[in-house]
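Undergrad: Let the sequences and hints guide you as you build the complete structure.
Listed below, chain by chain, are the residues.
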Amino acid sequence: DGGITQSPKYLFRKEGQNVTLSCEQNLNHDAMYWYRQDPGQGLRLIYYSQIVNDFQKGDIAEGYSVSREKKESFPLTVTSAQKNPTAFYLCASILTGTGRGTEAFFGQGTRLTVV
Amino acid sequence: DAKTTQPNSMESNEEEPVHLPCNHSTISGTDYIHWYRQLPSQGPEYVIHGLTSNVNNRMASLAIAEDRKSSTLILHRATLRDAAVYYCILRDPGRNFNKFYFGSGTKLNVKP
Numbered sequence: 001d002g003g004i005t006q007s008p009k010y011l012f013r014k015e016g017q018n019v020t021l022s023c024e025q026n027l028n029h030d031a032m033y034w035y036r037q038d039p040g041q042g043l044r045l046i047y048y049s050q051i052v053n054d055f056q057k058g059d060i061a062e063g064y065s066v067s068r069e070k071k072e073s074f075p076l077t078v079t080s081a082q083k084n085p086t087a088f089y090l091c092a093s094i095l096t097g098t099g100r101g102t103e104a105f106f107g108q109g110t111r112l113t114v115v
Numbered sequence: 001d002a003k004t005t006q007p008n009s010m011e012s013n014e015e016e017p018v019h020l021p022c023n024h025s026t027i028s029g030t031d032y033i034h035w036y037r038q039l040p041s042q043g044p045e046y047v048i049h050g051l052t053s054n055v056n057n058r059m060a061s062l063a064i065a066e067d068r069k070s071s072t073l074i075l076h077r078a079t080l081r082d083a084a085v086y087y088c089i090l091r092d093p094g095r096n097f098n099k100f101y102f103g104s105g106t107k108l109n110v111k112p
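In order, the protein sequences belong to chains A and B.
If you read the first sequence in this note's numbering, its first letter stands for residue 1, the second for the next number, and so on.
If you read the second sequence in this note's numbering, its first letter stands for residue 1, the second for the next number, and so on.
Simulated from the structure, these hints should not be mistaken for lab results.
Each statement offered as a hint is correct.
Think about it this way: if two alpha-carbon atoms lie no more than 35 angstroms apart in a straight line, the pair counts; the simulated DSBU-like pairs of lysine-lysine are:
(1) K69/B <-> K111/B
(2) K57/A <-> K3/B
(3) K83/A <-> K9/A
(4) K9/A <-> K111/B
(5) K70/A <-> K83/A
(6) K57/A <-> K14/A
(7) K57/A <-> K69/B
(8) K107/B <-> K3/B
(9) K3/B <-> K71/A
(10) K83/A <-> K71/A
(11) K71/A <-> K14/A
(12) K57/A <-> K70/A
(13) K57/A <-> K107/B
(14) K107/B <-> K14/A
(15) K83/A <-> K107/B
(16) K71/A <-> K9/A
(17) K83/A <-> K3/B
(18) K9/A <-> K107/B
(19) K69/B <-> K107/B
(20) K3/B <-> K111/B
(21) K57/A <-> K9/A
(22) K3/B <-> K9/A
(23) K57/A <-> K71/A
(24) K70/A <-> K3/B
TA: This is the structure in structure tokens:
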């Protein structure tokens with residue numbers, strides 16, 4: 001079955017450590033997105049990528065980094081520079097350029113806790 | 001990118017219809033109106049989308065105002081499983097690097 005997979009579901013990190021969240025999709029989607037969600041809040045855009053080897057900063061990119069070496073994969077690294085990394089992280093993908101306004105697919109999220 | 005405005009929360013009784021409003025006064029001619037919903041501790045899921053005409057699917061109906069500056073998501077018979085946060089989003093599929101913004105959404109509470 002086609003879909004988008006995030007791993008791990010739960011992640012604990014010590015302060016000062018970098019950690020990488022995985023996002024893989026087999027939907028052949030071009031665009032991929034990373035969002036952060038804090039308790040009781042909406043989704044805020046961290047980074048997005050339209051094509052392989054290219055990505056753009058969203059509204060809250062500081063302290064995060066991404067790569068897009070393969071169409072299927074868009075990993076997010078939370079660096080030690082991120083002051084308050086504890087949050088729920090969501091990855092999404094969507095087919096672009098079809099002119100029909102197709103739907104986005106989301107992963108089930110990774111809950112990151114800094115201990 | 002055009003933004004949307006939704007009420008923070010709404011309440012409904014089980015098995016009654018629910019009308020969730022969304023204002024998007026700065027919508028452009030090529031923006032599609034998308035609705036997603038998010039259950040607790042899960043990723044959002046697609047509900048419905050439309051451009052100009054009203055749309056129906058197995059989950060819901062989407063009513064779009066004639067001037068397209070507002071829309072309404074209609075759940076015909078709310079169930080307890082419909083309790084979620086509902087997001088109204090505008091997206092132009094033809095625009096490169098579209099950011100696909102989510103706002104805070106409307107939290108729907110369904111009472112038994």
